[in-house]
Amino acid sequence: MRGGSVIDGTEVLAIYLSRKLSITVGDVLLLINIIIFSVGAYLLSIEIALYAILTYLVAARTVDFVVDGVEEYVGVTIISDKHEELRIMLTEKLGRACTIYAGKGGLDSKGTSYDKDIIYTVVTRLELAKLHTEIDKIDLNAFIIMGIVKDLKGGMIKRKPMK
-5 MRGGSVIDGT EVLAIYLSRK LSITVGDVLL LINIIIFSVG AYLLSIEIAL YAILTYLVAA
55 RTVDFVVDGV EEYVGVTIIS DKHEELRIML TEKLGRACTI YAGKGGLDSK GTSYDKDIIY
115 TVVTRLELAK LHTEIDKIDL NAFIIMGIVK DLKGGMIKRK PMK
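The sequence shown begins at -5 in our numbering and counts up one residue at a time.
Some clues are possibly wrong.
Listed next, the in silico DSBU-like pairs over lysine-lysine satisfying Cα-Cα at most 30 Å (straight line) [claimed, not checked]:
#, residue 1, residue 2
1, K144, K98
2, K104, K124
3, K147, K98
4, K104, K87
5, K98, K110
6, K131, K110
7, K144, K87
Ranges of calculated distance between the beta carbons of each label pair, as one might list FRET restraints [stated by the list, open to error]:
#, residue 1, residue 2, range
8, K124, L24, 32 to 40 Å
9, I9, L44, 44 to 52 Å
10, L134, G69, 17 to 25 Å
11, T85, I40, 51 to 59 Å
12, S39, H126, 40 to 48 Å
13, R119, V33, 34 to 42 Å
14, L24, I142, 13 to 21 Å
15, D102, V6, 54 to 62 Å
16, D145, K104, 39 to 47 Å
17, I40, D111, 50 to 58 Å
18, N135, I82, 15 to 23 Å
19, M140, L51, 19 to 27 Å
20, L51, A91, 18 to 26 Å
21, E78, I142, 26 to 34 Å
Keep in mind the hints are simulated off the structure, nothing from the lab.
All values reported here derive from a predicted model rather than from experimental measurement.
C-beta: ideal position from N, C-alpha, C; glycine also.
Hey, can you work out the whole structure from these sequences and the hints?
Right under this line is the structure:
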């Protein structure tokens, strides 16, 4: 839909209904497809309906790959006392750029806040295992937050493959 194409006509109906009913396109699309597949299961057979659902899911995922690309990017935030070693590992060993944020920890054992550097980097989904392995070598207690990145531009993400 983002690229102006649809798998079948239900996407057009879902967009129209989502504007009229103030619910998401995905929810409307799910409801429409549940109705269609339920009718198919009743009129034809459960087996045919299950194959239709499987085919639809594969087609939807294929469209996502065509529109968004095969690579999924993951934003990784790392909070660790060994932030400098982690930064060096990211930039020199893995060849990735990173951003260092100055943060504050909530409370220490004395009940006061404290300064803390926070590292942010972006890797592909396939590179996550390597990144986790390297982080664990440096700091097993590192706090790691990951989130899917839908779109990005610039930076070093495509220039160097991870070593």
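Status of the hints after comparison with the structure:
Restraint check: the Cα-Cα separation between K144 and K98 comes to about 28 Å, which is no more than 30 Å; the hinted pair holds. At most 30 Å may separate the alpha-carbon atoms for a hinted pair to count; K104 and K124 exceed this at roughly 36 Å. Of the pairs offered as hints, the one joining K147 and K98 holds, with about 29 Å between alpha carbons and a cut-off of 30 Å not exceeded. Simply put, K104 and K87 have alpha-carbon atoms about 37 Å apart, too far for the 30 Å limit, and the pair is violated.
The suggested pairing of K98 with K110 holds, with an alpha-carbon distance near 5 Å, which does not exceed 30 Å. Our distance criterion of 30 Å between C-alpha atoms is met by K131 and K110, whose separation comes to about 20 Å. A threshold of 30 Å between alpha carbons decides the hint, and for K144 with K87 the separation of about 26 Å falls inside it, so the pair holds. Between K124 and L24 the beta carbon distance is about 35 Å. The supplied range of 32 to 40 Å therefore holds.
The given range of 44 to 52 Å is broken by I9 and L44, whose C-beta atoms sit roughly 27 Å from each other. A beta carbon spacing of about 22 Å between L134 and G69 agrees with the range 17 to 25 Å that was offered as a hint. Look at T85 against I40: about 55 Å separates their beta carbons, and that is inside 51 to 59 Å. A hinted range of 40 to 48 Å holds for the C-beta pair S39 and H126, which are about 45 Å apart.
At roughly 36 Å, the beta-carbon separation of R119 and V33 lies within the given 34 to 42 Å, and the hint holds. Between L24 and I142 the C-beta distance comes to about 20 Å, which sits within the given range of 13 to 21 Å. At about 56 Å, the CB distance of D102 to V6 agrees with the hint of 54 to 62 Å. Taken as a hint, the range 39 to 47 Å holds for the pair D145 and K104, whose Cβ atoms sit roughly 43 Å apart.
Checked against the hint of 50 to 58 Å, the C-beta distance between I40 and D111 comes to roughly 56 Å, which is consistent with it. Take N135 and I82: their Cβ atoms lie about 18 Å apart, and the range 15 to 23 Å holds. Between M140 and L51 the CB atoms are about 24 Å apart, so this pair conforms to the stated range of 19 to 27 Å. Roughly 35 Å separates the CB atoms of L51 and A91, a value that falls outside the hinted 18 to 26 Å.
Checked against the hint of 26 to 34 Å, the C-beta distance between E78 and I142 comes to roughly 28 Å, which is consistent with it.
In the structure shown, a violation is registered for the earlier hints numbered 2, 4, 9 and 20, in ascending order.
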